[in-house]
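Protein chains: 2
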Amino acid sequence: MAFEEASMRGARDGLICTRYTERGAQTIHRPAIREASWVLYVNGQEWVTFLCTPTKMQALVLGFLLSEGIIEGLDDVLLLRVCDEEGMIDVRLKEEITLPTRQILTSGCGAGITFDDLSQIHPPLDSSLTVTPAQVFHLMAELNRRGELYRTVGGVHTSALSDGQDLLVIAEDVGRHNTLDKIRGECLLRGIPTADRIILTTGRLSSEMMTKTVKMGVPIVISRTAPTDLAVELARRWGITLIGYVRGRRMDVYTDRHRIRLPWETGQAEGLRAAGES
Amino acid sequence: MAFEEASMRGARDGLICTRYTERGAQTIHRPAIREASWVLYVNGQEWVTFLCTPTKMQALVLGFLLSEGIIEGLDDVLLLRVCDEEGMIDVRLKEEITLPTRQILTSGCGAGITFDDLSQIHPPLDSSLTVTPAQVFHLMAELNRRGELYRTVGGVHTSALSDGQDLLVIAEDVGRHNTLDKIRGECLLRGIPTADRIILTTGRLSSEMMTKTVKMGVPIVISRTAPTDLAVELARRWGITLIGYVRGRRMDVYTDRHRIRLPWETGQAEGLRAAGES
Numbered sequence: 139m140a141f142e143e144a145s146m147r148g149a150r151d152g153l154i155c156t157r158y159t160e161r162g163a164q165t166i167h168r169p170a171i172r173e174a175s176w177v178l179y180v181n182g183q184e185w186v187t188f189l190c191t192p193t194k195m196q197a198l199v200l201g202f203l204l205s206e207g208i209i210e211g212l213d214d215v216l217l218l219r220v221c222d223e224e225g226m227i228d229v230r231l232k233e234e235i236t237l238p239t240r241q242i243l244t245s246g247c248g249a250g251i252t253f254d255d256l257s258q259i260h261p262p263l264d265s266s267l268t269v270t271p272a273q274v275f276h277l278m279a280e281l282n283r284r285g286e287l288y289r290t291v292g293g294v295h296t297s298a299l300s301d302g303q304d305l306l307v308i309a310e311d312v313g314r315h316n317t318l319d320k321i322r323g324e325c326l327l328r329g330i331p332t333a334d335r336i337i338l339t340t341g342r343l344s345s346e347m348m349t350k351t352v353k354m355g356v357p358i359v360i361s362r363t364a365p366t367d368l369a370v371e372l373a374r375r376w377g378i379t380l381i382g383y384v385r386g387r388r389m390d391v392y393t394d395r396h397r398i399r400l401p402w403e404t405g406q407a408e409g410l411r412a413a414g415e416s
Numbered sequence: 139m140a141f142e143e144a145s146m147r148g149a150r151d152g153l154i155c156t157r158y159t160e161r162g163a164q165t166i167h168r169p170a171i172r173e174a175s176w177v178l179y180v181n182g183q184e185w186v187t188f189l190c191t192p193t194k195m196q197a198l199v200l201g202f203l204l205s206e207g208i209i210e211g212l213d214d215v216l217l218l219r220v221c222d223e224e225g226m227i228d229v230r231l232k233e234e235i236t237l238p239t240r241q242i243l244t245s246g247c248g249a250g251i252t253f254d255d256l257s258q259i260h261p262p263l264d265s266s267l268t269v270t271p272a273q274v275f276h277l278m279a280e281l282n283r284r285g286e287l288y289r290t291v292g293g294v295h296t297s298a299l300s301d302g303q304d305l306l307v308i309a310e311d312v313g314r315h316n317t318l319d320k321i322r323g324e325c326l327l328r329g330i331p332t333a334d335r336i337i338l339t340t341g342r343l344s345s346e347m348m349t350k351t352v353k354m355g356v357p358i359v360i361s362r363t364a365p366t367d368l369a370v371e372l373a374r375r376w377g378i379t380l381i382g383y384v385r386g387r388r389m390d391v392y393t394d395r396h397r398i399r400l401p402w403e404t405g406q407a408e409g410l411r412a413a414g415e416s
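Residue numbers (my numbering), protein chains in the order written: chain V, 139 to 416; chain B, 139 to 416.
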């Protein structure tokens, strides 16, 4: 079996975003980590869908089959075909096997198993909510300040729901996605509407995070760290404002920047001047 | 339905570890983020197992049921019982429903669905492999230097397999667990044994990361960041040396520190002196 990388790459450049700093706003090109969806068929039977960075796909599939105890070595594999175009991996094994079905939601994915077809079109959100850069910086500072577990223990993600002024609900978990489900559940229990609110998180924005966001009717998502390219694509499709890399008084807006209200539009003396094509 | 936190906490203190710095080794108590396993039963039927931080469990379960489209509101729920002792959540719904079974391995968990019973005892690893602190610092610096996607794009995890001298295989992915499966698969393809080697990773060590590690026969696992309490417990059970928080020339060893060889045992002029009860 040949081990080759084909033409797959892990990064995609050329994502256009608008960077806001105290010196103003400017359009920049920023690369994003790639996230792609691959369906694994074993002996003709659809088993699981990987959401992963599409490098070393043969290695990923073989390692997964080893980890799950499906194969013991290369001798068990008759065919391993990775079809770039269709996002499909076809594995034929020497023996007929029964695929495991018991599901464990790991801390990594938490409630990340969505059963949703990613290609299913959620209707775009229609919301007139806006934020100023000053609000974003303030809310993210609040998130960092109030993440209790993070401050004392580390190794945990913190997310919050905000109305633009305060953090209404905060949740922490080893699983990024669990934080969003905890927020949604607590809002249900406390009768707090989630639509037309803001989600802030310390975790990476991947496709599942965006799926949970759109289901909550949240039109603005803010993260301290990087979005994947698929998250950006879904945000664009669903009309969600995706803000990444909020560090101190800098932030990068990837989609729907009409929801960013600049200071002179609000009368705030924030000192943000528009540069370039604001 | 009452919304209460019961006595559950997200952090556990009192984990003893040995911290190595250039000034020597000392025993410290360090808190760890909690990770626990909860089985969700819906209408008497076992559905999924959460690996999560055990706070706001009611909220987590309700949010998950909402996200998955199983419920639309509290009216659909007759009973929600969280049993701390048994790690079990019992949900009764008004309507009979068919639970989704299609599996998506999210970028968060990658191949993190293990189907393994976590309580299943893997036999402890028997390995005479050792490392010096200097080796650990050197290998982690190499990992950071050679993580190409991380350096150029960010938002990605990097892991590597090492023989103690060099990084033999490197993998990057948006999913922590995918990196380990990619390494294992590439080793299979290239005929590289994984037993008695070292795994280094930029990602958090959670239970699934340890499960993948023990299956590869790897007795030393090194991370830049925090382990969960469950990861530490599994490492202890399986005889794996778990090293966390490697930052510059500092590292914390949580388990099996007999595999840490100090400089005077190797003749290296590393300048590490043992303090406390090394």
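Simulated from the structure, these hints should not be mistaken for laboratory data.
Among the hints, a few may not be true.
To list a few chain B residues with every Cβ distance to chain V over 10 Å, as calculated [claimed, not checked]:
1. Gly152
2. Ile154
3. Glu160
4. Glu173
5. Cys221
6. Lys320
7. Arg395
Pair ranges (Cβ atoms, derived) [what the hints assert, rightly or not]:
8. V:Asp304 with B:Glu184: 24 to 30 Å
9. B:Pro401 with V:Glu233: 48 to 54 Å
10. B:Asp304 with V:Gly329: 55 to 61 Å
The beta-carbon is built from N, C-alpha and C at its ideal position, and this holds for glycine as well.
- Which of the listed hints are not met by the structure? 4, 6, 8
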